[in-house]
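Peer 1: Just so you know, the sequences run in chain order R and F. With the UniProt record's numbering, letter number 8 in the first sequence gets 8, and the count goes up by one each step, no holes. With the UniProt record's numbering, letter number 151 in the second sequence gets 151, and the count goes up by one each step, no holes.
Misleading hints may appear alongside valid ones.
Unchecked claim - Taking beta-carbon pairs under 7 Å as the criterion, some of the chain F residues facing chain R (in silico):
hint, residue
1, Val120
2, Arg199
3, Lys201
4, Lys202
5, Asn204
6, Asn211
7, Ser262
8, Ala370
9, Asn402
10, Asn406
11, Ala442
12, Leu454
13, Ile469
No lab work stands behind these hints: they were computed from the structure. Virtual Cβ for every residue (Gly too), placed ideally from N, Cα, C.
2 protein chains.
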Amino acid sequence: MTKKAPVELPADPDDAPLSGELVARFAAIVGERNAITAPHDMAPYLAEPRGLFDGKAAVVLRPGSVDEVAAIMRLANETRTPIVPQGGNTGLVGGQSPRSPGHIALSVSRLDKVRDIDPVGRTITVDAGVILQNVQDAAEEAGLLFPLSLGSEGSCEIGGNLASNAGGTGVLAYGNARELCLGIEAVLASGEVYHGLRRLKKDNRGYDIRNLLVGSEGTLGIITGAVMKLYPRPAGRQVAYAGVASPEQALELLRVAERHASGSLTGFEFIPRLGLDFVLKHIEGTRDPMGEPHAWYVLVEISSSRSEEDASQTMEALLSEGFEAGIVEDAAIAKSIAEADAFWHMREEMSWAQKPEGGSIKHDVAVPVALVPAFLKKADAAVLAAIPDARICAFGHLGDGNVHYNISQPVGADTDAFLSHWREINGLVHAVVAEMGGTFSAEHGIGLLKRDELARTKPAAEMDLMRGIKHLFDPNNILNPGKLVQF
Amino acid sequence: MTKKAPVELPADPDDAPLSGELVARFAAIVGERNAITAPHDMAPYLAEPRGLFDGKAAVVLRPGSVDEVAAIMRLANETRTPIVPQGGNTGLVGGQSPRSPGHIALSVSRLDKVRDIDPVGRTITVDAGVILQNVQDAAEEAGLLFPLSLGSEGSCEIGGNLASNAGGTGVLAYGNARELCLGIEAVLASGEVYHGLRRLKKDNRGYDIRNLLVGSEGTLGIITGAVMKLYPRPAGRQVAYAGVASPEQALELLRVAERHASGSLTGFEFIPRLGLDFVLKHIEGTRDPMGEPHAWYVLVEISSSRSEEDASQTMEALLSEGFEAGIVEDAAIAKSIAEADAFWHMREEMSWAQKPEGGSIKHDVAVPVALVPAFLKKADAAVLAAIPDARICAFGHLGDGNVHYNISQPVGADTDAFLSHWREINGLVHAVVAEMGGTFSAEHGIGLLKRDELARTKPAAEMDLMRGIKHLFDPNNILNPGKLVQF
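Based on the sequences and whatever the hints tell you, model everything.
Peer 2: In structure tokens form, the structure reads like this:
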């Protein structure tokens, strides 16, 4: 069933398969039921979400407690066995994918308890394997909001969100996974537990180990629990689509919205008409929010701490100013919660709507917000010079300067031939990004897919520090080896 | 002029003084005018703000560029010369204090330029030596807000704020220095420059080096520049004092305020009557905000993105609910900007107002917000059992769970005798803090004052990681040696 990855990836490690005896020792820690070796049962843990490559592992372990994770790491450290930690297996850069029959996949999915909610300090303490949506739901039950929100929230897990420092649509108002995290519990390579489950808003006791673990993609430790910030639930929410002529106009509208809404601007996403066409064509139950087509669409969300009416007034005011200033061509305000959800759904399905259109070369870049229009102009020119009929579908978190600059293959083109340009096109786009002081990984991380590019582009002094940190935390290179930083 | 520190500190290093020849080589890098050796001119760099001890250094260097800082570090690394970086010299744990004639103090104060303001992305890029108030002023000139705010903002510098991860009164709504920072430039021990001046809201390229440097108190690198977040200026601001009977009532009022104001609650500080008495007695031009005395005072600030009237309505609404619920005994709303500033001034002068009352044993602790009343009860009992007439003046950032638990000497007591209990009282208070999952350093850092306590109380695995990080970044132990973590 092995297929060739359409993207050129670092070679698979040629480790020998683990001995049956060693697998049995690991299995004994979690119990036979939670040590998966049957190919059919292993498949969901080995598959890569975009189908870029097939995973391989000796066994999938599903520990049921932090103690079991610690016991696994002690044995792994003693026997120099590579461990690949995994949450919901939704990552987009291969960070969670085991790639060798000599490696063990460790799923934290059974660590799925909400440990505590503090409604006064507004914190939630959760196991790493709690599905993001379940964190949101637990907060809602307590009358509070957990604002991290991603397309994959129904299956991704909070431990993976933290390991990859997930972003999503709530970053504009509330920050990314790192900024939402107050405390971390993690099992280190040695099997020792880092006890950092602090519910404190301020704690200046030494170096920031927590933020090293957050975003380390399982290469420095296995996150087993976290304390996350909660927020008051908005009393009112309004969602609208505005049609605008260009990214410049979208950016102008952002400034208008910030002036009117300030902290209550909780969403500002943009989509090109091509993207909307894909969604309307391929995602069931969607419909065009406006009668006439527009070159670009902005999804605006306002959340009021006061009332529905207050949110509504703010939305009306900012769109009115947008109309009067000639920025907004047309707008549609969701008339119900169902319609508001439908508006968001179209944005969230954007990535999936590209699939039926054939191959897609993807980017997850960010530049300073003010430079997004200039970035699009330059990147479009470079890409179209290389592949004249390429269909550029750049969408994303305009308020964060974060563009998912995805390129669908020309109509009728050969998918493999198109995808063979992946690295070349990445090179063109990332050169524009670099010139503008941007990043080629805004929210997806490095994993396997961008590891070599990271090593190529980071200054040597910084790569040395990163390798040094990896060596310090994991001297035997058993934690997710080969990911993020080559050792 | 050497006096005995009232606090038991780690012994001074007994390094030999630097040779004149070596001092001359360093002086040549910055020019003679910026290499200070005259005792009178050195004094401001050697003094410790609380007068806990006298500083010593071979020379104070004042580099005028990042290149000069880098050249100093290259020579320091080659010659194994310890460098003590310093901003505005306002730190309260001795982190910025040079302590040996074999050490060099490096002041970043001449790096005082605002490099760039981006009004669209709302960022400001500054040299490390820009005084905090000048960062605030530059933001204001651009029609924006830089919300970091401390008592010492007129003299502390942004590089020091970042090195110590400063907190202050704006943390409740905007976060601490770390959370306000997008990018960092720093000179490493080798003299290499870490180029991280990114204006990006999202950047997931590898381990979080920036957050290691932030809060590292000059032990991992010398911060020379930073990109900080800016916010829209509030259109309206209201400040009030509310009198309440107890910390429990203050906490109740916090919940009421959060419900009414949500993100526009930009200040929630508490002061005991004793603290107000000290201020009224010792700080010129202050007056009691209310006619009758109350056991506790809460300073509430509301900032509205809409209007003065809107801020006023919110303030009235939350105080009304406080009255009706029997939480608030009386309240005074500032009637002018001048009065609002005067209200804040009383809070900010709290620390200084304690000075004329004799010795003060200080703490900078935080516990989960909900536990602040319980903490005060237990800590008071422990302290008063040890020193029955001690005058406890616990004040601070209630909304962050951060209490400056300061204890003034009994009236008429011998100051030295009282201060000789510093470590003993610290031990009692910090034990209560630890029991509640709190921290003995919420916003001041570790420096010299709390170094040994950190080593005693952090789990061994975490101390090992911290020492490993120090060794990785500074293998020759020349960056602020002996501070934060003993090497």
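Peer 1: Give a verdict on every hint.
Peer 2: Hint by hint, here is what the structure shows:
A hinted interface residue such as Val120 (chain F) counts as satisfied when its beta carbon comes closer than 7 Å to some beta carbon of chain R; here the least separation is about 4 Å, so the hint holds. Contact between Arg199 (chain F) and chain R, as hinted, is supported at the beta carbon level, the nearest pair being about 4 Å apart and thus within 7 Å. Taking 7 Å as the C-beta cut-off, the interface hint given for Lys201 (chain F) holds, the closest approach to chain R being about 4 Å. A hinted interface residue such as Lys202 (chain F) counts as satisfied when its beta carbon comes closer than 7 Å to some beta carbon of chain R; here the least separation is about 4 Å, so the hint holds.
Contact between Asn204 (chain F) and chain R, as hinted, is supported at the beta carbon level, the nearest pair being about 5 Å apart and thus within 7 Å. Annotation: interface hint on Asn211 (chain F) holds; nearest CB of chain R at approximately 4 Å, less than 7 Å. A hinted interface residue such as Ser262 (chain F) counts as satisfied when its beta carbon comes closer than 7 Å to some beta carbon of chain R; here the least separation is about 3 Å, so the hint holds. The beta carbon of Ala370 (chain F) is positioned within 7 Å of a beta carbon in chain R (closest approach about 4 Å), and the interface hint is therefore held.
With its C-beta approaching chain R no nearer than about 5 Å, Asn402 (chain F) sits inside the 7 Å limit, and its interface hint holds. Against a cut-off of 7 Å between C-beta atoms, the interface hint on Asn406 (chain F) is violated, since the closest Cβ of chain R lies about 17 Å away. Evaluation of the Ala442 (chain F) hint against chain R yields a held restraint, the C-beta minimum of about 4 Å falling below 7 Å. A hinted interface residue such as Leu454 (chain F) counts as satisfied when its beta carbon comes closer than 7 Å to some beta carbon of chain R; here the least separation is about 6 Å, so the hint holds.
A hinted interface residue such as Ile469 (chain F) counts as satisfied when its beta carbon comes closer than 7 Å to some beta carbon of chain R; here the least separation is about 5 Å, so the hint holds.
Violated hint: 10 only; the structure is consistent with all others.
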